[in-house]
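If you want the building blocks of each chain, they are given just below.
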Amino acid sequence: MSAIDLSVLTARQVRDGVASGTFSAREVADAAYARIEAVDDDVHAFLELSQDLAYEAADRVDAMRAAGDELPPLAGVPAGIKDNMNLVGTHTTCSSRMLEGYESVYDCTAVRRLIDAGALPIGKCNMDEFAFGSSTENSAFGPTRNPWDLERVPGGSSGGSAACVAAGMTSISLGSDTGGSIRQPGALTGTVALKPTYGRVSRYGVVAFGSSLDQIGPFGKSVDDVALALEAIAGADPMDATSAPEPVGRYTQALDLGAEGLRVGIVRDMLDLEGCAAEVRASVDMAAETFAALGAEVGEVDLPATRHGLAAYYIIGPAEASSNLARFDGIRYGHRVPDAADVIDLYTRSRAEGFGPESIRRIMLGTYALSAGYYDAYYGQAQKARTRIIEDFRAAFERFDVLLTPTTPGVAFHFGEKSDPYTMYLNDVYTIPVNLAGNCAVSVPSGLCSGSGMPIGLQIIADHFAEETLLRAAAAFEEATAFEPVPPLARIPK
Amino acid sequence: MPKDRLTEVLERYEAVIGLEIHTEITASNTKMFCGCPVAFGGEPNTRVCPVCLGLPGALPVPNEAAIEWTVLAGLATECDIALWSQFHRKQYFYPDMPKDYQISQYDLPFCSGGFVDVEVDGDGVGERLDLGGALPFVGPEAVAEDGGYRTRIGITRIHLEEDTGKMVHVGGSEGRIAGATHSLVDFNRAGTPLMELVTEPDIRTPEEARRFAQKLRAIWLALGVSDCNMEEGSMRVDANVSVRLRGSAELGVKSEVKNMNSFKSLHDAIAYEIVRHAEVLDSGGVVVQETRHWDAGAKRTSGLRSKEEAHDYRYFPEPDMVPFTFDPARVAELADRLPELPDARRDRYMADYGLPKRDASLLADDRETGCYFEEAVGLVGDTDARQIANWMLGDLAALLNAEGIAIGQARVTAAMLAELVGLVEDGTISGKQAKEVFAEAARTGDAPGAIVEDRGMRQVSDAGAIEAVVQGVLDAHPDEVATYRGGKTGLLGFFVGQVMREMRGQGNPAVVNEVVRRLLG
Ligand SMILES: [Zn+2]
Chain U
53 MSAIDLSVLT ARQVRDGVAS GTFSAREVAD AAYARIEAVD DDVHAFLELS
103 QDLAYEAADR VDAMRAAGDE LPPLAGVPAG IKDNMNLVGT HTTCSSRMLE
153 GYESVYDCTA VRRLIDAGAL PIGKCNMDEF AFGSSTENSA FGPTRNPWDL
203 ERVPGGSSGG SAACVAAGMT SISLGSDTGG SIRQPGALTG TVALKPTYGR
253 VSRYGVVAFG SSLDQIGPFG KSVDDVALAL EAIAGADPMD ATSAPEPVGR
303 YTQALDLGAE GLRVGIVRDM LDLEGCAAEV RASVDMAAET FAALGAEVGE
353 VDLPATRHGL AAYYIIGPAE ASSNLARFDG IRYGHRVPDA ADVIDLYTRS
403 RAEGFGPESI RRIMLGTYAL SAGYYDAYYG QAQKARTRII EDFRAAFERF
453 DVLLTPTTPG VAFHFGEKSD PYTMYLNDVY TIPVNLAGNC AVSVPSGLCS
503 GSGMPIGLQI IADHFAEETL LRAAAAFEEA TAFEPVPPLA RIPK
Chain R
3 MPKDRLTEVL ERYEAVIGLE IHTEITASNT KMFCGCPVAF GGEPNTRVCP
53 VCLGLPGALP VPNEAAIEWT VLAGLATECD IALWSQFHRK QYFYPDMPKD
103 YQISQYDLPF CSGGFVDVEV DGDGVGERLD LGGALPFVGP EAVAEDGGYR
153 TRIGITRIHL EEDTGKMVHV GGSEGRIAGA THSLVDFNRA GTPLMELVTE
203 PDIRTPEEAR RFAQKLRAIW LALGVSDCNM EEGSMRVDAN VSVRLRGSAE
253 LGVKSEVKNM NSFKSLHDAI AYEIVRHAEV LDSGGVVVQE TRHWDAGAKR
303 TSGLRSKEEA HDYRYFPEPD MVPFTFDPAR VAELADRLPE LPDARRDRYM
353 ADYGLPKRDA SLLADDRETG CYFEEAVGLV GDTDARQIAN WMLGDLAALL
403 NAEGIAIGQA RVTAAMLAEL VGLVEDGTIS GKQAKEVFAE AARTGDAPGA
453 IVEDRGMRQV SDAGAIEAVV QGVLDAHPDE VATYRGGKTG LLGFFVGQVM
503 REMRGQGNPA VVNEVVRRLL G
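From first to last, the protein sequence lines are chains U and R. What the first sequence shows, in the numbering used here, is residues 53 to 546, in sequence order. What the second sequence shows, in the numbering used here, is residues 3 to 523, in sequence order.
Mixed in with the good hints, there may be bad ones.
To be verified - As a list, the in silico EDC-like pairs of lysine to aspartate or glutamate whose alpha-carbon atoms are at most 20 Å apart:
no. : chain 1 : residue 1 : chain 2 : residue 2
1   : R       : Lys266    : R       : Asp240
2   : U       : Lys436    : R       : Glu281
3   : R       : Lys92     : U       : Asp428
4   : R       : Lys256    : R       : Glu233
5   : R       : Lys256    : R       : Asp456
6   : R       : Lys359    : R       : Glu342
7   : R       : Lys260    : R       : Asp240
8   : R       : Lys260    : R       : Glu233
9   : R       : Lys168    : U       : Asp394
As the list claims (entries may be wrong) - To spell it out: a stretch of chain R is covered by chain U in this simulated footprint if at least three of its residues, at any positions, have a beta carbon under 8 Å from a beta carbon of chain U; those stretches are:
no. : region
10  : 57-68
11  : 97-111
Hints listed in this document are in silico derivations from the structure and should not be mistaken for laboratory results. Cβ atoms here follow ideal geometry from the backbone N, Cα and C, with glycine treated the same way.
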């Protein structure tokens with residue numbers, strides 16, 4: 053068996069290694085589980101390991117190779133799955149006591165497609181409860197730690213999915229992004245993290261948070277890897293009425309087109325937001341210079357309506373969440389108090405016990421915002437702000453192919469550092485407007501913070517269904533910076 | 003409740019009634035937002051999937067056919083069809099609702115602003131006291147017609163939603179929640195496409211409410227949108243009832259009555275509520291706005307025990323689906339698909355076959371009955387249409403009633419009835435014999451021609467053969483002959499009867515009559 057170091061190998065290299073017979077898919081699975089064994093006690097990226105499913109998938113790939121069949125694009129690539137995605141043979145808990153022990157009875161479309169493309173489902177990844185949070189501290193089953201510094205958060209809500217890729221436990225992973233839940237942990241862990249256009253990837257089987265905002269997307273160590281994963285999971289799904297009929301692009305083939313001639317806009321007013329670390333701000337300007345050096349036309353643009361993004365998001369997101377989470381009532385599945393006096397008692401106590409504090413906060417926010425007499429003032433106004441944000445982006449994409457912002461205002465923070473919810477919410481100020489507008493965006497590592505040594509992420513945003521352009525720009529930037537963000541694993545005690 | 007009590011109340015009070023009618027789109031093979039089959043009953047929780055169970059992560063995908071059915075229903079009731087529409091979530095917690103919200107429609111229903119004209123005749127006319135003394139009456143609301151009247155009931159809207167599951171309360175009395183130890187939920191029905199039609203408060207009497215519901219059922223059946231089975235709950239009628247003193251323009255406080263599973267229950271429950279409201283007001287009380295439950299056995303309504311709260315359903319646009327757009331061309335296309343509706347069919351039967359209005363209505367209101375009628379008439383010819391109608395509304399209706407079956411299940415098919423009428427018309431058998439043949443056909447399913455053949459029931463019309471029998475009868479009863487000839491002509495029937503008995507009923511009655519008369523005379 054060759055040494056398979058998943059902290060170094062990209063998904064494509066793993067796939068090529070399996071295809072060429074350098075190693076078998078089974079050996080890749082072995083390597084993933086060995087790595088998990090070594091580091092996940094510290095990192096806690098996984099809630100559940102699915103060895104049976106992973107080795108089954110590996111054996112299928114190895115059998116195909118033995119038979120001389122052409123291997124699928126992700127053959128033998130180990131993948132982590134966020135625990136809000138259903139996969140038969142695993143539990144789907146959303147890191148909540150409410151769903152502790154809940155067994156998936158059907159497959160999430162995106163997960164199914166990933167496995168059908170040859171990926172090995174290694175396990176289910178930790179997250180903020182029901183995806184409410186930006187640090188994975190809201191998991192009912194304990195936080196995930198940042199592989200770059202175990203004292204710091206990996207971001208959230210897809211913190212486990214980000215950390216398992218960053219720490220080399222898997223090559224890729226799936227997360228979900230409602231207001232930044234893929235891109236923000238991507239930035240905080242030095243991984244490439246893609247939120248596709250709303251409708252690009254089916255939402256069927258991912259436990260809904262904000263139905264008009266949620267989108268599944270991949271984490272990877274390279275732009276090429278997330279492009280590979282996107283090709284596998286994207287496309288219309290008859291089970292999701294909001295999935296888009298637009299044909300799936302050849303994302304991996306767009307990557308070597310370079311940045312020459314691309315029209316790149318720095319979102320100046322977002323960059324100037326108070327609270328953005330100077331070094332983060334500088335990193336965006338440096339990225340713009342990099343694009344200019346690559347032959348892109350660089351300019352500036354303001355998106356004035358995005359300053360209402362956070363407020364609008366914290367109406368629309370919780371409003372939809374309060375409705376989507378109503379079904380967790382203890383009647384058919386999930387946590388139920390054993391001694392309810394009547395059905396109202398059953399509802400109230402089961403929910404009060406099953407949900408963590410942030411979930412309860414969002415449910416209450418959303419319920420209030422939709423209540424009679426408040427709807428127009430809150431939900432109605434938020435929708436108007438959303439429309440203006442959409443118009444801002446539309447206007448910007450008449451002038452530019454991609455837009456640049458930081459992914460987050462700062463680098464990964466320490467546990468407990470942002471205990472006030474509003475401070476925590478501010479971490480998503482750059483990512484939230486993209487969900488409101490439905491565009492696609494990717495966070496790519498752009499450097500390390502000189503003080504903390506923690507990674508910084510650049511957010512690149514593109515128009516609806518312009519993932520080819522988005523990933524092309526990201527790949528050009530990645531190549532130009534030649535930055536290979538491997539966390540200093542020495543810091544992880546053995 | 004005695005009818006005169008209602009009349010007495012209606013002399014002083016005017017009732018204002020609106021209906022909410024839920025109809026399951028049973029024509030749809032699948033549920034509203036998933037692929038599970040639509041059917042009644044079955045083992046609990048066998049027609050379910052992640053979507054209609056509201057499992058985490060499952061998403062609704064709208065059933066386009068059900069939307070088309072709703073648009074057709076709107077077109078058949080003169081509604082405007084929204085060119086832009088969407089679903090909303092109606093949110094409240096209840097165990098029969100898997101997601102704890104119902105996907106329904108709010109301010110953008112598929113259909114709005116329609117009407118149905120309702121005709122009232124017979125006893126029900128008496129409930130309309132503002133018209134009662136003064137028929138024929140021609141006013142803005144009601145038009146006198148054929149000893150009855152016609153009135154137009156506005157339709158506020160028709161929207162589409164998903165049905166809930168069914169609760170079974172265990173341990174209490176009669177499956178009621180009071181006293182139950184626990185409850186079970188069956189989600190087989192959950193997600194069935196459900197049309198909700200809301201009328202304007204244009205209805206003034208229990209009879210108008212009944213007629214409206216019957217008319218609507220006839221229209222839905224003509225469309226084929228639903229089987230409209232009130233017993234099984236595929237058509238459910240709730241009534242909002244209030245009363246006000248005659249001459250008052252102000253609306254009274256309303257109660258909502260549920261659980262009427264027949265048209266008679268609908269009528270009686272509304273009548274009960276009108277009287278109850280009047281009695282509350284007469285005794286100086288105040289009517290409480292509440293939901294009440296009709297108990298068909300006890301013939302009264304009772305308030306639901308749970309404290310009624312003004313629900314805040316927190317409606318908001320369903321984010322799992324994109325809004326719907328209809329272009330006018332598609333609506334026109336659907337309008338072309340509308341079948342002949344009961345009123346038009348009734349008018350055609352009156353014009354083409356000269357049927358009286360009541361008979362024409364009875365045949366036209368039920369699509370299957372109309373098809374049966376037209377098939378039979380097609381086989382025997384238009385001139386015998388009245389005979390077909392008489393058989394259908396007489397012996398056949400009695401038979402269906404007795405056996406409790408639909409016309410489609412009758413052993414006597416349209417072709418058999420046509421054959422039977424043909425046998426009478428060409429003189430092969432008498433009308434009396436035909437009744438026997440019908441009964442036999444209904445029992446065995448044998449063709450009328452074969453029955454006539456087997457039983458040797460052919461009618462004897464040959465005057466020569468009949469004369470011989472008549473002569474024999476006269477010879478055997480010389481005293482009666484003398485009495486007859488003495489002027490007691492009432493004995494004619496006696497002789498005819500004797501002859502028919504001799505001929506085992508096979509004598510052509512007209513010929514027998516003629517011969518007896520001639521030989522006696
Ligand atoms: Zn279903």
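Evaluation of the provided hints:
Under the criterion of a C-alpha separation no larger than 20 Å, the hint pairing R:Lys266 with R:Asp240 is consistent with the structure, at around 13 Å. A C-alpha spacing of about 52 Å is found between U:Lys436 and R:Glu281, which places the hinted pair above 20 Å, so the restraint is violated. This hinted pair checks out: R:Lys92 and U:Asp428 have alpha carbons roughly 17 Å apart, not beyond 20 Å. Straight-line distance between C-alpha atoms of R:Lys256 and R:Glu233 comes to about 26 Å, which puts the hinted pair past the 20 Å bound.
Among the hinted pairs, R:Lys256 with R:Asp456 is inconsistent with the structure: their alpha-carbon atoms are about 65 Å apart, more than 20 Å. Note on R:Lys359 and R:Glu342: the hinted pairing holds, with a Cα-Cα distance of about 17 Å set against a maximum of 20 Å. Restraint check for R:Lys260 and R:Asp240: the C-alpha separation of about 5 Å stays at or below 20 Å, so the hint holds. Among the hinted pairs, R:Lys260 with R:Glu233 is consistent with the structure: their alpha-carbon atoms are about 13 Å apart, no more than 20 Å.
A hinted pair counts as satisfied when its Cα atoms are at most 20 Å apart, and R:Lys168 with U:Asp394 qualifies at roughly 18 Å. With 8 residues bearing a CB less than 8 Å from a CB of chain U, the region 57-68 of chain R meets the requirement of three and the coverage assertion stands. A count of 5 residues in the region 97-111 of chain R with a Cβ less than 8 Å from any Cβ of chain U is obtained; the coverage claim is therefore met, three being the minimum.
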